[in-house]
Amino acid sequence: MAVLEADNLHVFYGNIHALRGLSLEVGKDEIVTLIGANGAGKTTTLNTISSILAPAEGEVRFEGDALTDVPPHDVVGRGIVQVPEGRRIFGRLTVGENLRMGAFLRTGKREVRQSEEHVLTMFPVLRERIRQVAGTLSGGEQQMLAMARGLMSKPRVLLLDEPSMGLAPMLVETIFEAVLAIRNEGVPVLLVEQNAFMALQIADRGYVVETGEIVLEGPGRELLENDEVKRAYLG
Amino acid sequence: MTFTVVAASYRHRERQRSAPYRTVMAGVTFGGVAVFLGFVGILTMFGQREVIAETLSLAHLTIAMSAFFAGLWVTHASSRTGLAARVAQGLGAGTVAGALIALLALSIHLFKLRRVFIALKKDLLDILTFEQSIGAAVAVLVIGGALCGLLGAALYLMPRKLRRPLVVGLTWAFFVGLFQELIQLMLQYEFLMKFRELFFTWDGLKPQGALIVFAAAAVTAAAWQAYRPRYDSFRENATPGQARMLLGFKILIGLVLIIGFPAFAGNFIGQVLMLVGLYVLMGMGLNLELGLAGLLDLGFVAFFAVGAYTTALLTSNADIAIANMSFWQALPIAVVLSVVIGVLFGIPVLKVRGDYLAVATLGLGEIVRVLVLSDFAAPVLGGAQGVLGIPRPSIGGFEFNDPVDLFYITLVASAVAAYFAWRLENSRLGRAWTAIRDDEDVAQALGINLVNVKLLAYGLGAGFAGVAGAIFAVMLASIFPHSFQLLISINVLALLIVGGMGSLPGVVVGAAALIGLPELLREFGEYRFLFYGLVIVVMMRLKAEGLWPSAARRRERMLEEESRAAIEAELRGGASR
Ligand SMILES: Nc1ncnc2c1ncn2[C@@H]1O[C@H](COP(=O)(O)OP(=O)(O)OP(=O)(O)O)[C@@H](O)[C@H]1O
Ligand SMILES: [Mg+2]
Chain A
1 MAVLEADNLH
11 VFYGNIHALR
21 GLSLEVGKDE
31 IVTLIGANGA
41 GKTTTLNTIS
51 SILAPAEGEV
61 RFEGDALTDV
71 PPHDVVGRGI
81 VQVPEGRRIF
91 GRLTVGENLR
101 MGAFLRTGKR
111 EVRQSEEHVL
121 TMFPVLRERI
131 RQVAGTLSGG
141 EQQMLAMARG
151 LMSKPRVLLL
161 DEPSMGLAPM
171 LVETIFEAVL
181 AIRNEGVPVL
191 LVEQNAFMAL
201 QIADRGYVVE
211 TGEIVLEGPG
221 RELLENDEVK
231 RAYLG
Chain B
1 MTFTVVAASY
11 RHRERQRSAP
21 YRTVMAGVTF
31 GGVAVFLGFV
41 GILTMFGQRE
51 VIAETLSLAH
61 LTIAMSAFFA
71 GLWVTHASSR
81 TGLAARVAQG
91 LGAGTVAGAL
101 IALLALSIHL
111 FKLRRVFIAL
121 KKDLLDILTF
131 EQSIGAAVAV
141 LVIGGALCGL
151 LGAALYLMPR
161 KLRRPLVVGL
171 TWAFFVGLFQ
181 ELIQLMLQYE
191 FLMKFRELFF
201 TWDGLKPQGA
211 LIVFAAAAVT
221 AAAWQAYRPR
231 YDSFRENATP
241 GQARMLLGFK
251 ILIGLVLIIG
261 FPAFAGNFIG
271 QVLMLVGLYV
281 LMGMGLNLEL
291 GLAGLLDLGF
301 VAFFAVGAYT
311 TALLTSNADI
321 AIANMSFWQA
331 LPIAVVLSVV
341 IGVLFGIPVL
351 KVRGDYLAVA
361 TLGLGEIVRV
371 LVLSDFAAPV
381 LGGAQGVLGI
391 PRPSIGGFEF
401 NDPVDLFYIT
411 LVASAVAAYF
421 AWRLENSRLG
431 RAWTAIRDDE
441 DVAQALGINL
451 VNVKLLAYGL
461 GAGFAGVAGA
471 IFAVMLASIF
481 PHSFQLLISI
491 NVLALLIVGG
501 MGSLPGVVVG
511 AAALIGLPEL
521 LREFGEYRFL
531 FYGLVIVVMM
541 RLKAEGLWPS
551 AARRRERMLE
561 EESRAAIEAE
571 LRGGASR
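Protein chains in written order, with our numbering: chain A, 1 to 235; chain B, 1 to 577.
Since the hints were made in silico from the structure, they are not lab data.
Here a beta-carbon is modelled for each residue, glycine too, at the ideal position from N, C-alpha and C.
One or more hints might be untrue.
Unchecked claim - Derived DEER-like restraints, expressed as beta-carbon distance ranges:
| hint | chain 1 | residue 1 | chain 2 | residue 2 | range |
| --- | --- | --- | --- | --- | --- |
| 1 | B | 367 | A | 215 | 48 to 56 Å |
| 2 | A | 15 | B | 423 | 48 to 56 Å |
| 3 | B | 235 | A | 63 | 37 to 45 Å |
| 4 | B | 426 | A | 68 | 49 to 57 Å |
| 5 | B | 423 | A | 124 | 31 to 39 Å |
| 6 | B | 558 | A | 139 | 47 to 55 Å |
| 7 | A | 234 | B | 367 | 41 to 49 Å |
| 8 | A | 185 | B | 551 | 47 to 55 Å |
| 9 | A | 8 | B | 558 | 24 to 32 Å |
| 10 | B | 39 | A | 38 | 57 to 65 Å |
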């Protein structure tokens, strides 16, 4: 049974038809990856799911409820949490303050403490740097902080936009291990990636998007073997 | 942080300039300042102000100081040269500065410059020549400049233990001399007569008075310096109880000063303090919008106007008044209405960001002013004639008539507002504001409702300005549209920048520096904005985070300094290798 469904999404930027009837599903306990070239419409898809963009046609459903007309902050309130691309942390605040910002919608003090403890165990570097100003973290640390901050909102599904962008292979691995750990804790992940090889290796299922349409879908392993995917994305 | 690296290497290169170049540059820069002040007429005006009666005018002090600071600065900038060389450079820089001013005197003497530069006339020449012959004056200026430069170098090079008391003493003597009229006004009491005569004549500070002030301040500073380590160790080792007592003691002294001083100092000071208080209120309001939420607002004066007009129309005994309330009944209504207007104001600019927001709010503010002035609204708001006959507030039988009385109302309002602002800053809403200031999109991705949070920033910020407006209306007893110019918005913005964006104490410091000081130096009237602009430019060069920066800014600054120091150490190490 799908937790998150995007059904026949059409999105326009002015007269640019960015999504052309895109549909996808994220099931319980799944890592689903969305791969595609630059400008294919991956970020647009995530923003539509987060209600930041409104589809001209089609709808997004979360646990069976349509999200049409639900404002973005309420979407977060329901548990759909996006970690935007490009490591957008609050550079002037400390690591700890960034994490607490992530828990903005949550009220229980003790639970928030627990979550903080939890994400710090997942990303031990952040614990060492809890008082450091976030803008001075390295690129990889900033990406971990962005993910940790997303987790602080206690997501019921996590949308990750290119978490491995610009990171060294070592760090990419750390990030992907974290994605697996998140899934294993029961939070499904929709992972947008350019690093198709790595993404498909950990993903349960994958979608290939081209100019706003899904052109291929299937289990991660299967897509890895697919000739077209190999030619276009794995080089 | 690449920015830091660039800045630091740039500084490093500056240091590499040759010593003669630095010396001449220092002299030309500081001497140039004095010459410029001469050109625009400020020096002539300074000539009429005596720091020490019949001994030292502010103009002569300025000339001496330009050479003095040239010497001081070049000594500071040459930290890596030998002692003798630094002293020589100080002397040289002072000479250059003095020579530049001598050149000005000579030019005025030889040419008829006043046809073009109206300030360059006989009065200025008299000041520059000390009413001597031109030849003697040139010699005095150059030699005096050299001496002052030498003194500057000496001050910089002398041990800190000696320098601190000297600087403190001189500063005190200078300010007592500069503000002698105000101080004399405060010493009007019969029993203080003898005391006053010790220091002052009717014309100004006596030389002996200056000496006493200098000595007293210097001795106090020296004593404090000697006592300081003991005090610090006491503070560090204090039990929580003792620490609390110390804090309580400090607060008590502060309270006694702020409550007692205006009553003692009289109405003129009361008036100035009250104006400062009104700007503190507005500053705290804009600080919520800009300092916390990052929403630039150049139409802020509109909320001030709403508060003032609401109070006026609700309390005035003029014909157009709509009610006959007391100030205390009108105040809450004025505040609520300001908040409502603030929210309405926010709606059209919700989606506007950055530079565009500045322009959009500027327009909105102007709309309010033009509306108030229009014939269309005149039957309701009084048009250009304004609203007259606003009664003063009273409690029981006591009427708040004097500026000092009204100051206390401002003080209480500011204190309440400050508490409110402080609580807001540390609330959930405050955190949401910080988030949208840093990154709106991410804030939204964390579940922050941008619309509500922004409108609340405008609304609550406006509420503070509404309180200020209400008090402003009863202070003047009548209000006119021309009191609500764009300049007020700019003043509030400037005081935030000077005080330190996002910092509550910074608001007070900024208001005191930008509103209070110029008010005390009223006679400098027409040049006020020149100084104003100068202060802001210099501030941005030297201390861009403000006089009393917020914790976050201070942290940022510290980091920058640390990395700069690290880079310089690295570069220096590399150079010596
Ligand atoms: N705000 C916008 N206005 C106009 N066009 C846009 C806007 N945002 C995206 N687009 C266009 O929509 C298309 C899809 O963009 P999108 O950001 O979704 O790509 P993407 O798959 O995330 O690419 P990348 O991997 O480079 O991040 C692109 O052609 C892009 O130029
Ligand atoms: Mg993208």
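Verification of the hints:
1. As the Cβ distance of residue 367 of chain B to residue 215 of chain A is approximately 53 Å, the hint placing it in 48 to 56 Å holds.
2. At roughly 49 Å, the beta-carbon separation of residue 15 of chain A and residue 423 of chain B lies within the given 48 to 56 Å, and the hint holds.
3. For the hinted restraint 37 to 45 Å between residue 235 of chain B and residue 63 of chain A, the CB-CB distance of approximately 58 Å leaves it violated.
4. Distance hint check: the CB atoms of residue 426 of chain B and residue 68 of chain A are about 37 Å apart, inconsistent with the given range 49 to 57 Å.
5. A hinted range of 31 to 39 Å holds for the C-beta pair residue 423 of chain B and residue 124 of chain A, which are about 36 Å apart.
6. Distance hint for residue 558 of chain B and residue 139 of chain A: a CB-CB separation of about 23 Å, inconsistent with the stated range 47 to 55 Å.
7. Distance hint check: the CB atoms of residue 234 of chain A and residue 367 of chain B are about 60 Å apart, inconsistent with the given range 41 to 49 Å.
8. For the hinted restraint 47 to 55 Å between residue 185 of chain A and residue 551 of chain B, the CB-CB distance of approximately 35 Å leaves it violated.
9. Distance hint check for residue 8 of chain A and residue 558 of chain B: the Cβ-Cβ separation is about 54 Å, which falls outside the suggested range of 24 to 32 Å.
10. Between residue 39 of chain B and residue 38 of chain A the beta carbon distance is about 59 Å. The supplied range of 57 to 65 Å therefore holds.
Going down the numbered hints, you'll see the structure goes against 3, 4, 6, 7, 8, 9, while the others check out.
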